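In the order they appear, the protein sequences are chains A and B. Position one of the first sequence corresponds to residue 3 (the working numbering), numbered consecutively onward. Position one of the second sequence corresponds to residue 3 (the working numbering), numbered consecutively onward.
In case anyone wonders, no lab produced these hints; they're calculated from the structure. All of these numbers come straight from a predicted model, not from anything done at the bench. Among the hints, a few may not be true.
[Unchecked claim] Simulated DEER-style distance windows between Cβ atoms:
#1 P314(A) x F14(B): 46 to 56 Å
#2 N142(B) x K344(A): 46 to 56 Å
#3 M34(A) x L154(B): 39 to 49 Å
#4 F14(B) x A72(A): 48 to 58 Å
#5 L28(A) x I17(B): 38 to 48 Å
Glycine residues also receive a C-beta, built at the ideal position from the N, C-alpha and C atoms.
Number of protein chains: 2
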Amino acid sequence: MNISEIQFAHRFDGITGSAIREIFKLIAQPNMISFAGGNPSPAALPDEKVAELAAQVLRDKGKVLLQYGATEGYAPFVESLKQYAEAAVGCPLPAVLPVTGSTQAMDLLCKALIDPGDTVLVENPSFLGNLQCMKFYQANLVPVESDENGLLLDKLEEAMAKHHPKLLYVIPTFQNPTGKTLAAERRRPIAELAAKYGVVVAEDDPYRDLRYSGTPAPSIKSFDKEGWVAFLGSFSKIISPGLRVGYIAGDAAIVRKCTLGKQSTDVHTANLNQAIVDQFLRQGLLPEHIRRICGDYRLQRDAMLEELASFPAGTSYTRPDGGLFIWVTLPEGLDAKQLLEKAIERHVAFVPGTHFYANGGHENTLRLNFSNSTLEQIHTGMAALRQVIEASL
Amino acid sequence: MNISEIQFAHRFDGITGSAIREIFKLIAQPNMISFAGGNPSPAALPDEKVAELAAQVLRDKGKVLLQYGATEGYAPFVESLKQYAEAAVGCPLPAVLPVTGSTQAMDLLCKALIDPGDTVLVENPSFLGNLQCMKFYQANLVPVESDENGLLLDKLEEAMAKHHPKLLYVIPTFQNPTGKTLAAERRRPIAELAAKYGVVVAEDDPYRDLRYSGTPAPSIKSFDKEGWVAFLGSFSKIISPGLRVGYIAGDAAIVRKCTLGKQSTDVHTANLNQAIVDQFLRQGLLPEHIRRICGDYRLQRDAMLEELASFPAGTSYTRPDGGLFIWVTLPEGLDAKQLLEKAIERHVAFVPGTHFYANGGHENTLRLNFSNSTLEQIHTGMAALRQVIEASL
């Protein structure tokens, strides 16, 4: 039988090649100013420190780190991580599991909860990568409306009552792609709605520490009395995405199911990588490192906002207090996908907003990343982008 | 709603806590001689070399390694890995994907192929971890009979014709748990049967390089004309399991589906870990390292076989040419689970064989690992085990 007759699993039926991946192919050329990715700035990646810590942990614990580890995590890291996560989340955490980047946290949570056809409530727009993850579990994605302060509580309760979802997926702080933050006063009600309707909340909060202005809001998890909120954390944006270390924290039964699932997925997260992040935490290196990153990112955000102020009338955009992204809504009738083609000719790239909507549409929106460009690139690139938009009006 | 009312996904219905995990809890005490695990010897873990290579790659490419990488793998490693894998497998490989340990290769292959209820043919007994992985995909596991030379071709064809499986899972070299090797003359027919019936073969070959005697057999993949054989490789047994680096290689469409699946699982395997293994390959360090490991493991295997020779009449066991395991069949009527309790009292542990059978049974079998014990421990532990068995006759 010819291999072309192979039958792949039905979970691939709804999976198309990532549109963003196609964009990255188009823009992989010299002199491109890319506002498209979600990468940390090269300057924010602590390569010298990681080299030092890697040498240290391999010298002190080399045989242990190179041997098989426990699925539950490298014991010293589980200890330091629990302490760190409880401070970050602002409440005791019955169980914490180190994972291979927080994408794996989402994957394991879906593995624990989602049967084909189960409903997941999602923000609209939301993070493309995790939408795809849920699609692989053949979830029924139901978008819930937001305003500038995040999810609308009445719409959320309506959707919970109507659809009996297994899961609500929410990025509460400096959301990807919009940069919006869920208002503090909506967080307790979301934890209460989750318990009322028996819906697990995946609180995905990788940008939490990247705050440049405004006041931190308590986590949804901190209002969770019953255990329905699972907190997904990541060291990708504050130490390194290439190391692939994140975590999931919350109710012991949920984390136990994720641990069983992880055993058959990658056995355990690489010990060396856990040990490096462990040293960041134990040596207290993170606060100063984050302070330095935030200082740079604040200037980059401000430069991009400054340029947006001179964009054509009818353009609106978010003014995020942190994170990596600004969300732009162009005058009605403009199509960000067409603009992207012209922008690439001018050596500037972004991601059309339509890709982040569970059901498409919203062609006049786009996502801009400011963390991975220098101030000069931001000024040059945004001026070119403005001209491309002006020429299309 | 109380969290105890949470409904987990049905894929957990057939999953019980791992019996082996329970054994590991029982034997986690000082002075235990463990023949239970599948761990490399501490002496086989190249901690000083890994420390040196980690320092080198972080110095030379730190910013690249700490940034996001491609799901397809770290480009220099994809190059060196392809060359290495083609030499190991003995044929050109259209596509090679680095993964987070070869358990992930199995997980991604199941994700690509298996819908609930699909049939997978498995050796009987087989590797517990990957049986559990397939159970998570709600596969219907159908055991196929073997003799001392591995899978019986007539039984295999019968099962293919009868069950229309999506996948055949086979560990052809120094199999886990039996230590058996699939006879060279059965390998071409298996590749041909796979193509005849349109069945993907997962050729899981992590022990291939750990040969202490006998002649290497060509891979099943090397006889694969159509692309139905996917080769799963690992650096866990020859460099380090804690680094979590393996690969899947084969037909481009199959590897592409695995790549899409991996994107939503852990985005990419940690760059640092890929770069370390890349240096092992590029600097040509592996042959000498493997030669040294094999020298030690050969002595350990021989010591265990020597002790087995004086086991009670009616005991039979495999005489593997490599790998990590010897498989023991005790006189009928003995129960290895009961013997384990008594053995633990004597500070010796092993894994009862029943756990490796898809449908249980075979209570008089057990698996012994020789790689993770010293010669002295092997002699002492095997003498104690012999006495425990003799006392039970």
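To see whether the hints hold, each was checked on the structure:
no. : hint                          : in the structure
1   : P314(A) x F14(B): 46 to 56 Å  : holds (54 Å)
2   : N142(B) x K344(A): 46 to 56 Å : holds (53 Å)
3   : M34(A) x L154(B): 39 to 49 Å  : violated (58 Å)
4   : F14(B) x A72(A): 48 to 58 Å   : violated (20 Å)
5   : L28(A) x I17(B): 38 to 48 Å   : holds (43 Å)
Checked against the numbered hints given earlier, this structure breaks hints 3, 4; the rest are met.
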